[in-house]
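**Student:** Based on these hints, arrange chain B on the given structure of chain A.
Residue numbers (our numbering), protein chains in the order written: chain A, 36 to 513; chain B, 36 to 513.
Think of the hints as simulated: they come from the structure by calculation, not from any bench. Do not take every clue at face value.
With a straight-line Cα cutoff of 25 angstroms, these simulated BS3-like cross-link-like pairs (lysine-lysine) come out [unchecked claim]:
{"hint": "1", "chain 1": "B", "residue 1": "K475", "chain 2": "B", "residue 2": "K235"}
{"hint": "2", "chain 1": "A", "residue 1": "K95", "chain 2": "B", "residue 2": "K98"}
{"hint": "3", "chain 1": "B", "residue 1": "K261", "chain 2": "A", "residue 2": "K359"}
{"hint": "4", "chain 1": "B", "residue 1": "K184", "chain 2": "B", "residue 2": "K120"}
{"hint": "5", "chain 1": "A", "residue 1": "K98", "chain 2": "B", "residue 2": "K354"}
Stretches of chain B that chain A covers, calculated by requiring three or more beta carbons in the stretch to come under 8 angstroms of a beta carbon on chain A [said to hold, decoys possible]:
{"hint": "6", "region": "152–162"}
{"hint": "7", "region": "173–180"}
For the chain A half of the interface with chain B, some residues (derived, Cβ under 8 angstroms), not all of them [claimed, not checked]:
{"hint": "8", "residue": "C75"}
{"hint": "9", "residue": "P112"}
{"hint": "10", "residue": "L138"}
{"hint": "11", "residue": "F158"}
For each residue, glycine too, the CB sits at the ideal point set by N, CA and C.
Below, each chain spelled out in residue letters.
Number of protein chains: 2
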Amino acid sequence: MAKDKKMVEAITSMDEDFAQWYTDVVKKAELIEYTSVKGCMVIKPYGYAIWENMRNELDKRFKAIDVENVYMPMFIPESLLQKEKDHVEGFAPEVAWVTHGGLEPLQERLCVRPTSETLFCDFYKDAIQSYRDLPKVYNQWCSVVRWEKTTRPFLRSREFLWQEGHTAHATAEEAEQRTILMLDTYAAFCEEFLAIPVIKGRKTDKEKFAGAEATYTIEAMMHDGKALQSGTSHNFGDGFAKAFGIQFTDRDNKLHYVHQTSWGVTTRLVGALIMVHGDDDGLVLPPRVAPTQVMVIPVRQDADGVLNKAMEVKQILSKHFRVKIDDSEKSPGWKFSEQEMRGIPVRIELGPKDIENGSCVVVRRDTHEKITVALDELQNKLAEILGAMQSDMLERARLRRDESIYDATEYDDFKRIIDTKPGFVRAMWCGNEACENKIKEDTSATSRCMPFEQEIISKKCVCCGKEAKNMVIWGKAY
Amino acid sequence: MAKDKKMVEAITSMDEDFAQWYTDVVKKAELIEYTSVKGCMVIKPYGYAIWENMRNELDKRFKAIDVENVYMPMFIPESLLQKEKDHVEGFAPEVAWVTHGGLEPLQERLCVRPTSETLFCDFYKDAIQSYRDLPKVYNQWCSVVRWEKTTRPFLRSREFLWQEGHTAHATAEEAEQRTILMLDTYAAFCEEFLAIPVIKGRKTDKEKFAGAEATYTIEAMMHDGKALQSGTSHNFGDGFAKAFGIQFTDRDNKLHYVHQTSWGVTTRLVGALIMVHGDDDGLVLPPRVAPTQVMVIPVRQDADGVLNKAMEVKQILSKHFRVKIDDSEKSPGWKFSEQEMRGIPVRIELGPKDIENGSCVVVRRDTHEKITVALDELQNKLAEILGAMQSDMLERARLRRDESIYDATEYDDFKRIIDTKPGFVRAMWCGNEACENKIKEDTSATSRCMPFEQEIISKKCVCCGKEAKNMVIWGKAY
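The shape of chain A in the complex, shown without the other chains (with noise of 0.2 angstroms):
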């Protein structure tokens, strides 16, 4: 039994070192590995079947409002990224430029996309003419680049995936609705399918997208405290379309200008995923985006019949699971760790006494919870007990959070709190960037949002004393 546990116990304890223990997960559940290119990874197959799971999903959602699909290119022209004068000074130092083409020197150089409100823009100045040309909703999943520093999988890396949707709308209420609209989406998708809790909100002006008018955020919480930006939905005004010359003659037979949006989730969820659900034992995948949902094991293979009825079950539950058999020739106490490494959601043990017992032995993986049930009765049990695991995972993270949220009213207090325990600060804010800075340079934390859900704590700021204007949660973050 000592040499079954040797893999888990090699995994670094969360307590011990978060940051260890993360890194050990991503590499041992085989979800990335480094390259020789520094800071972009190999996501392997077990991470990007996750991912996969994940835009299917998405995808599915953005059709049902109306998304369509559409590919630009992945070069941006750099006089192309200059014209919004806020997004090339949010982008511009940290992108990679391409200046030779084939054997000769370019004329222009070219940017590989880090966002590409640039190029849909150019592409909409021709394209939308009249207003029977909009709305325009349109998306793409790709990958981008942003030439970080120091990079981490999943959270930041140097090229990563993602889905970007850009917008043009003839009136400011439509951007504005399009802009919430995916947020909701994010959120539920978010809650539904990953089951990680997020608090909806907006960004201060400090915080929001390099040429937005307003930024709005999910902002979840990781199991070491920390908030992972989950997703965002930028709403542009008609600024972009401004520096682009975006108009469109409408009904009063007048040129306007369009509104617009956009809004992306990246690979950075796989993280919030391990971040939010994992343990000492590794991954813990929710049922609905797990690749692999049930992993059956039989328990002394060898003996009569037992593989026979492993492949039998396997075989009549692939028809409403995703389900593996484990036939390997490890031990099955080797089969179990590595099961419970890679977060699959429920295993099936099945030895000679359960089958004499017409019964099997399904362990949970977020409680490792054994529950002896009929064979006959499998089916139906498996749907019941996926179920309530992915709807337990939920409320355990939602339950978790909100245990670490704290609410100040005087700054000693913010910045003990921030200081010794993990989680977020709900305080007042008087609305002005110089606190925002203070509170950052005082405590590492961050404004993460200014909620949807405000609630008057006091009537002052934390850090000034001044009058208050929003609550902000705070935190540290990735």
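**Tutor:** Coordinates of chain B only, in the frame set by chain A:
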């Protein structure tokens, strides 16, 4: 009616100017738009939906034969690209080079992947240690960049979308089997899904992939008689393994080099769809790949009950087909033209008289045949019509192709046929690259492949008259 025809009339006829016809279709069917990034295109929603259907179908077929998806970085360090001699010679002249990251010059240039053999090899070198780690059958869906001088939508652009599979095997036999399996998968996909007949064969050494031992290809004939290489599958032997040091310990406890393959198809296939099936009214899509299979077009939609009935028909059919309704304010004639231009397989015309008779008129896009169908039989009848259309399109394309394949035993004949008749020529070849070069110089035709189905047309090379080794298919190509 004159106005209704305008849109169609704006297309150049195929016979008049095939290249212009192609460009017209690509634009008018709203597949693609040019961008301010030279040689790069926007794939618009309709064009992308076609690619998405191809990708989903192919991906399903891949997964059924144990292919796993991954994601590799888009950048390749210059030193990595240079590791395999033939490979770097083939690709270095046509890659885009990143020289700066953010504000800093890079220590080593990175190229944007033109293909990812080198990255997969770099990964496999560590990931593969034992025979237990084999085979690796990985694939990725991504975009690649090749700095082409002249570009055409879908057929040749500086950036294009594709899938690239990269595998590693314990034995040469297994690698060869996988190479052929993937070629067969491509061929079946083209014929069954895209209704495009292809010729399977092996490339000559001159035409094979940079670094491959053998390249297999599927070649399709376009409406103008030119060839389009529609997919390739390469067997690398252990050449890359030796260059990158990819070794494993086999059951014999000795170190062996792996045997590798790679294989890919691209958005070129959208170009093939256009040029195999299109006509002077625009695109014609086989039902299986069509984003919209049925367009319901109400006639006299202002008349009492017409629009409601049309909606109802659409609703019912939606459970079984991909259906849209065109209830815009355009005239029916205009709507017909648009549906034809976009190649939607069938339209359903439904007016007051049809409703009175309890029927509607189904019009096939490929034959323009009008079929009166009772509304209560519509669902079954439509399935029949779409099924017939799918197989008729394949058969027609096959007939047209076969009628344009000529045999030549004398060089004068060969030259005359290539010069005067669109299509392919079958002729014997001695295996000498000098003859291949001479033929290309004299006629601008290239060797498309040595088809798997060989036939001895004569005993002499059509060019030099020496002893022939293979029958080769020759043709002008995209």
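**Student:** Indicate, hint by hint, whether the structure satisfies it.
**Tutor:** Evaluated hints:
Between B:K475 and B:K235 the alpha-carbon distance is near 21 angstroms, which keeps this suggested pair within the 25 angstroms criterion. Distance restraint check for A:K95 and B:K98: the Cα-Cα separation of roughly 20 angstroms lies within the 25 angstroms cut-off, and the hinted pair is therefore satisfied. Restraint check for B:K261 and A:K359: not satisfied, since their Cα atoms lie roughly 47 angstroms apart, outside the 25 angstroms limit. At roughly 24 angstroms between alpha-carbon atoms, B:K184 and B:K120 fall within 25 angstroms of each other, so this suggested pair holds.
For the given pair, A:K98 sits about 17 angstroms from B:K354 by alpha-carbon distance, which is consistent with the 25 angstroms threshold. Evaluation of the coverage hint for the region 152–162 of chain B: fulfilled, as 5 residues show C-beta separations to chain A shorter than 8 angstroms, against a requirement of three. Residues of the region 173–180 of chain B with a Cβ under 8 angstroms from some Cβ of chain A number 4, which satisfies the need for three, so the listed coverage holds. Proximity of A:C75 to chain B holds as hinted, the smallest CB-CB distance being about 4 angstroms (cut-off 8 angstroms).
Because the closest C-beta pair between A:P112 and chain B is about 6 angstroms apart, less than 8 angstroms, the hint holds. Interface hint status for A:L138: upheld, as the beta-carbon distance to the closest one in chain B is roughly 6 angstroms, under 8 angstroms. For A:F158, the suggested interface contact is upheld, since its CB lies about 5 angstroms from the closest CB of chain B, less than 8 angstroms.
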